[in-house]
Amino acid sequence: MIYEASAFAIILFIAFVIAVLGISKYFASRTTSSKGYYAAGGTIHWGVNGIAFAGDYLSAASFLGICGMIAFQGYDGFLYSIGYLAGWVVALFVVAEPLKKSGKYTFTDALDNRFNSKAIQLMAAISTLIVSICYLIPQMVGAGALVKPLLGMPHWVGVILVGGIVIFIVATAGMASTTYVQFIKGGLLIVFSTVLTICLFANGFKLKPGDEYHVLKSMDATVSGGTVTAVADAAYKVAGHNADKGLVKLEKDGVNTWWQVSSKDGKAVVKEALSATVLANGDKLYNGAPQEDRKFFQVGAMSKIIVDGKEVEKTGPVGPFKFLATVDQGEVLRFKKNKIKDGDNSVTVWTQNPTSGKKLMRPGVKFKIDEGSTFMSKLNFVSLMIALFFGTSALPHILIRYYTVPSPKDARKSTIVAIASIGFFYILTLFMGLGAMTHGVLDLESSNMSAPLLAKFFGVALFAIISAIAFATVLGTVSGLIVAASGAVAHDLLSNFAGIEMSDAGQVKAGKISAIIVGIIAIILGILFKGMNVSFLVGLAFAVAASANLPAIMMVIFWKKTSAMGIACSIFVGMVTALGIILVSPSMWERYGLDPATAPIALNNPGIISIPLSFITLVVVSILMPSKDAKPMP
Amino acid sequence: MAGHGPASDWGEDKASDYKASLGIKLFIVYCIVYAGFVAINTVSPKTMGIIIFSGLNLACVYGFGLIILAIIMGVIYNSMCTAAEDRMNTPSGEGK
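From first to last, the protein sequence lines stand for chains A and B.
The end of the first sequence is residue 634 by our numbering, with every number in the run present.
The end of the second sequence is residue 730 by our numbering, with every number in the run present.
Because the hints were derived from the structure by calculation, they are not lab data.
Please read all numbers here as calculations on a predicted model, not as lab measurements.
We put the CB at the ideal spot given by N, CA and C, even for glycine.
There could be a bad hint or two in this list.
As the list claims (entries may be wrong) - Simulated DEER-style distance windows between Cβ atoms:
hint, chain 1, residue 1, chain 2, residue 2, range
1, A, Ser503, B, Met722, 37 to 47 Å
2, A, Ile517, B, Asp651, 52 to 62 Å
3, B, Val663, A, Phe321, 19 to 29 Å
4, B, Ile686, A, Lys314, 18 to 28 Å
5, A, Asn345, B, Ile666, 50 to 60 Å
6, B, Met722, A, Lys628, 32 to 42 Å
7, B, Asp651, A, Ile524, 41 to 51 Å
I would like the entire structure built from these sequences, with the hints used as guidance.
Dropping the structure here:
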């Protein structure tokens, strides 16, 4: 669809960027030591750190990806919220304090604390780099998706813009500026998501959500020999068919549109569909017209609202329980995506797919665990939920935040602040996602834009604020990831592993140079992965983190026989297995342009194989190759 | 150079074993509740559609419940740990 830049949104965005750059410049003048650069001097207050945790964690995946997934696929998207939040329990009860006690700047320090092993330093640093880059991709994709409606710029400009600003933030002041940017952004995100949710409750539900909502047409059709030959409105002429998908192409005033052939009360009817046609010369038409003609309508609405057993046109204001119950009892107009060939043209047609609220409000629309499920599809779901649960406490940019507070007690308290604020936000995602699904705001080409477009429904001001915060969300998370990755390169690899002697100032300089290089890599990947759902991509990053890092973290804390070689091998096996399964998974097969059904392994989420394998590797190798000169457990 | 050792120095924490043990117990409790959620979703997803109260189905109630339970358990864990630290550590000990 086409987006218009809003002057207010641009001003707000620029103001935010200036504020962020100002914070960075301020902290840059105070960041002269490596402890200041990598761990903000270890002096951050636990309350600030807790909200900054939320800022780090509530990334583009949470705000854009989960809301988008709920908006398109209902409750299944909310399962990500539940899994992401549950992961914090592992962080709080198992990881937070021990990690804080044994580490310095990076989680490699914590793993290596008892051993001083080159193998651990190398593998943990590589793992940090790979997980950070896996996590960076969806953030950059989210950035690209955001600048289109916010600033009216193409995807690649957004990615470069974010990359450039983040490189500046990180390369100037490291963890100190990143922490305060995250604190401000995390707080704003929670406050304005609450405002958006309250607006939804006040608005309630309507069959026609807004004045600009396009009500899709339906016409009687004449069928002869199994194909549509004419329709009730004589201005439309039949111009083509696709019998496989039950579609007919109609022409009116020189514009071709696609319609879905259906039946109503025993009579043939055609229902208006939405289409995007890529012509042989590469040009793209939306509903048969150029993009600027604005024929690609925003969609998604209740097609049936039931209140107290009666069908109504609108509900009026609703409370949170009533909101959810109304969706459950009603019917929602969703869309089914069909890809067809029309001569030399490639056409994507979205046909109307009214879906009962009961189906949308329970699992099974996205994840094949209900009708049509197989053993492997259920295993895939379990695998994802395991990875989400164990992935949080293995994410490098989350782990390094434990080093910014003064004591283990502060690490614990900041984790609880994080759980409370993140948990509250995740509850809001269900309302925002379902709100986007039913308020005529969906862009069928981009699920990631659902939450900002919902904000636009309530006015440009809220849209501008929400978009600027969403953009800041990306900035903040990317900053944290780049600090983690630069720490892995400069501190773990160059200083510890390679043994390159560097002064304190030299370490900071190495970190900054690493940040610039990682930032450039993130920009390139963000452009290449355009269009993929950001929450899905983050789910994969979680799987790699849970497989490579978590077994090592948990065993080094709880099993005194854990050896250096056991840790290094478990990281290697977890990382390689998880990445290997992802690269040959059906999702990636589709990305390569191949048939997903022919993928060598039917799993999209590797956790259920790679996490246990990593644990087993650690135990077996530790028994076979013990560390004789390891320090005792603290 | 040596890159190891903690970022800050603090005294001996005599409550450390107690906190670790409490953390593991609470972790196991939460694991069981989470596993139950995943199991129902996987084995009997239609059960998740059963209305529990106020028009809310089991999927919503259990999902919200898991989020709220994490917050409540976190607060309980922190208060028990803080009490243990106050009880077991000397005034110059950790966290004072």
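Next on the checklist: Are any of the numbered hints broken by this structure? If so, which, sorted upward?
Outcome noted: 2
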